[in-house]
Amino acid sequence: MLGLLAASAAPSLWPVPARAQEAWPTRPLTVIVPFAPGGAGNGSVRILAELIGPRIGQPLVVDNRPGAGGITGTAMVASSNDDHMLLMGSTTMTILPALRSDLGYDVQRDLQPVGMISTQPLVLAVGAGSPVRSLDDLVARGRAGELSAGNSGVGTLSHLATELLNRKLGTRLLPVPYKGDSVLIPDVAAGTVSVGVMNLPVALPLVQAGRLRAVAVTSAQPLAGLPGVPVLRSLGQEFVISGWAALFAGRKVPAAGVARLEKLLREAMDTPAVRERFASFGVTPSASTPSQLREYVRNETARWGDVVRSRGIKLE
Numbered sequence: 001m002l003g004l005l006a007a008s009a010a011p012s013l014w015p016v017p018a019r020a021q022e023a024w025p026t027r028p029l030t031v032i033v034p035f036a037p038g039g040a041g042n043g044s045v046r047i048l049a050e051l052i053g054p055r056i057g058q059p060l061v062v063d064n065r066p067g068a069g070g071i072t073g074t075a076m077v078a079s080s081n082d083d084h085m086l087l088m089g090s091t092t093m094t095i096l097p098a099l100r101s102d103l104g105y106d107v108q109r110d111l112q113p114v115g116m117i118s119t120q121p122l123v124l125a126v127g128a129g130s131p132v133r134s135l136d137d138l139v140a141r142g143r144a145g146e147l148s149a150g151n152s153g154v155g156t157l158s159h160l161a162t163e164l165l166n167r168k169l170g171t172r173l174l175p176v177p178y179k180g181d182s183v184l185i186p187d188v189a190a191g192t193v194s195v196g197v198m199n200l201p202v203a204l205p206l207v208q209a210g211r212l213r214a215v216a217v218t219s220a221q222p223l224a225g226l227p228g229v230p231v232l233r234s235l236g237q238e239f240v241i242s243g244w245a246a247l248f249a250g251r252k253v254p255a256a257g258v259a260r261l262e263k264l265l266r267e268a269m270d271t272p273a274v275r276e277r278f279a280s281f282g283v284t285p286s287a288s289t290p291s292q293l294r295e296y297v298r299n300e301t302a303r304w305g306d307v308v309r310s311r312g313i314k315l316e
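First residue of the sequence shown? That's 1 in full-length UniProt numbering, and the numbers climb one at a time after it.
If you are wondering where the hints come from, they were derived from the structure by calculation, not from laboratory data.
Be careful, since some hints might not be right.
Claimed, not checked - Only pairs whose alpha carbons sit at most 25 Å apart, straight line, appear in this in silico DSS-like list of lysine-lysine: (1) Lys168 / Lys314; (2) Lys263 / Lys252; (3) Lys314 / Lys179.
From a predicted model like this one, the values you see are computed outputs, not experimental measurements.
Generate coordinates for the entire structure from the input sequences, incorporating the hints supplied.
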């Protein structure tokens, strides 16, 4: 369905040239998504692939290669000598280096950044009947050691965000790992776990339906979809926390090809159709240059590596 929508939008949004004149690409491009189908990042990449393909003169074939928390698919592209191989990178790229010494690849060395695709904040939410009524209340009760905080798994962004709160604010939120937000949400709604630290696209519909109550979001600015919900940034700049998706190229993709992809990616994300579809996923289009993306990944890797080491986090 996503592909059909995007494909039908492409001709009206961009006039497609009769024939691409550039020597690259000479055959279809493969975009590896290192996770199972589903999710906002996967859907966003498929929409962009449908739009960019006609403009670059070759199809972009999205290939889901899940495994080992994203390592399998990322390693496939990082080690490839195929000059038509691309990767949808995500937040896990900046967390895994501190948790795993056996990755076998270096993101900065083995991948070429093309551009950011989207960002999505986390939301801190409680059940509708929770005694936690505000951000101040959460911090006070957290400092008293009264609250547990569910997350989507050990070493995930939501887990590290909880540890960052504990470290910076002196709270004692007890991290409780779950196997994904879909498993966590019922326990938050029931009050089995005090607070859920969750991806916004998953939690937002339940907040809007009244099953959950949002206490704070980790976006830089308040969100229109969550009126009256404060941003954690009010407690410190370090609490701007985003999950993200971005496009990377394998090391053999020519520099001219990377530049061309970045241009087409930016143009695609400026179209109303893309913005509307991204909004339906609960994510925000977030373009960047290759150099900006490289610096962002470097900074986030240092940031989360520091949290992992200082809090003694280890994968089980």
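Verification of the hints:
no.: 1; hint: Lys168 / Lys314; verdict: 20 Å, holds
no.: 2; hint: Lys263 / Lys252; verdict: 19 Å, holds
no.: 3; hint: Lys314 / Lys179; verdict: 16 Å, holds
Figure legend: structure checked against the earlier numbered hints; every hint is met.
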